[in-house]
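2 protein chains.
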Amino acid sequence: MKCEQDFVNFLQKLESYSGNILKGIGDDCSIVKFNNKKKYVFTTDTSLLGPHFTKDYSPEDIGYKCLATNISDIASMGCMPLYAMYALTLPKMSESWLKRFYKGSQKLLKQHKVSIIGGDTTRGPLSITIQMIGIQKHNILLRSGAKLGDDIYVTGTIGNARAALLSKKRTLAYSYFKKYLVNPTPRVALGLEISKFASSCIDISDGLAKDLKNIALSSDKGFVVNVDKIPLRPKFSHFIPEKLLEECILGGGEDYELCFTANNKYNNNINTISNKLKLKITKIGSITSKGYKYIKDGKAYKVKTKGYDHFSNR
Amino acid sequence: MKCEQDFVNFLQKLESYSGNILKGIGDDCSIVKFNNKKKYVFTTDTSLLGPHFTKDYSPEDIGYKCLATNISDIASMGCMPLYAMYALTLPKMSESWLKRFYKGSQKLLKQHKVSIIGGDTTRGPLSITIQMIGIQKHNILLRSGAKLGDDIYVTGTIGNARAALLSKKRTLAYSYFKKYLVNPTPRVALGLEISKFASSCIDISDGLAKDLKNIALSSDKGFVVNVDKIPLRPKFSHFIPEKLLEECILGGGEDYELCFTANNKYNNNINTISNKLKLKITKIGSITSKGYKYIKDGKAYKVKTKGYDHFSNR
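These protein sequences, in sequence, are chains Z and S. Letter by letter, the first sequence follows residues 769 to 1082 in our numbering. Letter by letter, the second sequence follows residues 769 to 1082 in our numbering.
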């Protein structure tokens, strides 16, 4: 058991004692039925100093980002976030730190009407675990629904979080990319809209190549992606050299944009949603029967990056 | 904001966006309605190397205890545990460690029919956060329901976890107390039985004096406790000197027995439950209008201990 996927496989084999668990571990959230009408989705994420935030993050930044990543998991299921539980491990109890931390969370709590329903504090190395519960509005999106011939889409622009990490602090490049790394926007409204018709969805947290592979594996399909179509911010190539492009846009996680698949008959719906939400949605490829293929400059392109894994990639 | 209670007070002031949250932060669990018939309780607890377990704990012990403390929070609300989410931070991904960890959890998962519905793994200093969801069977027990004249009861015997911590490892004393510290028994069946009539309940996690004070504060009442009535294991005073008695039975947490209050007309019901569950239930005092009074050897007794707080008590 060397990487997170092994751990997920292991957990999936554990016994379930409830008929109300419609989907256990393996997607961005699990799905649980509480009565006959509504389904709820559950997720949990730990954020640590080091892998998830660095010393230059303000308490507000930490409060924002820890919550944003959890809300993103709910968004990728096409659901609405409802409740959060905070388990904080802090080196010392500081009123000003906690107030600033919650101020950072509050913007998202207000925007998405999320209520905090539980908390625990412990003394130790800084660590924040948030659990989140969301509710189905239309369909619930899984990784496993992609169909042969479906289009593959991504929201926003890709690679900015990794570009920020690769840029030196206090440079123009860093300030150009920083907000995407520190204050990512969970795509809740978009998730809800596409949940009416999309066949699968994932949030780009471990890198597009790895996340898309997860969709393909779960759906028992393959894909072809045109690397040149992956949407970048206008000055991306001004700040990031060509040799780091792949690492940013295919290997780099933490973008928290959504990657989803849909039958091409929904092309117009997607344009309408894009206009309504003022959010760029770009077709980058399509679902095939097998294999993970990339095209760049009209030629087959071999991807070296493996994407983020908490235990393998260091 | 120097201790956990300040943090709880702070969280309680945060905005709620849902009419379905019947009780927010402040009890052992929060209470959420998912439809008109059933209420659910939510709790989260972090366990760390140091405050919650030590290096001599086996992975099985850690897997057991982390889950037991969460189940105990559900038991203290008089509810049935249903689902758990595990957020693990591990120094490295070890298959054998994880298998042994889950083996420790599995005994409790099986016994209480708890299903794991979510997980996250991160690399860092060992830390385990478990979130648990339980369901109401009869009434939900709160800290706040104690009435003037109610009897105060505790289950099992008290002070064993602290006695183990105060005993040297590899002594007869340590082996006499160890299992109460390392493998505490969450009192789910008892919690469900007393939820039919008890007026308030808490699990003894921070020390009887502090936990009972929490009941009194939440209920706007006082109490009188006869220290000589607090139930001890037969050889308790053989192993623990008199001067450490108070620290063990009033200050020491982690017993995970239940402390509850009930009108004295339920005396017979309590005897019946005690016989049915083969679990000692002892009346140790009663609820008064105000003040926290202790009696020992027939005289007023002044308690020095303050009970456990993650941030103040070191």
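Please keep in mind that the hints were generated in silico from the structure rather than gathered at the bench. None of these values were measured; they are calculated from a predicted model. Some hints could be false.
Which copy? The list can't say, so a pair holds if one copy fits it or any two copies do.
Claimed, not checked - Only pairs whose alpha carbons sit at most 25 Å apart, straight line, appear in this in silico BS3-like list of lysine-lysine: (1) K801 with K905; (2) K978 with K806; (3) K791 with K860; (4) K1048 with K978; (5) K791 with K875.
Structure-based check of all given hints:
Taking the shortest Cα distances, K801 and K905 sit within 25 Å of each other both inside one copy (13 Å) and across copies (18 Å). For the homomeric pair K978 and K806, neither the shortest alpha-carbon distance inside one copy (31 Å) nor that between copies (40 Å) is at most 25 Å. In this homomeric assembly, K791 and K860 never come within 25 Å of each other (Cα to Cα): the closest approach is 38 Å inside a single copy and 28 Å across copies. In this assembly of identical chains, K1048 and K978 lie within 25 Å of each other by CA distance solely inside one copy; the values are 22 Å within and 55 Å between copies.
In this assembly of identical chains, the alpha carbons of K791 and K875 lie at most 25 Å apart only when taken from different copies (23 Å versus 31 Å within one copy).
Of the numbered hints listed earlier, those contradicted by the structure are 2, 3.
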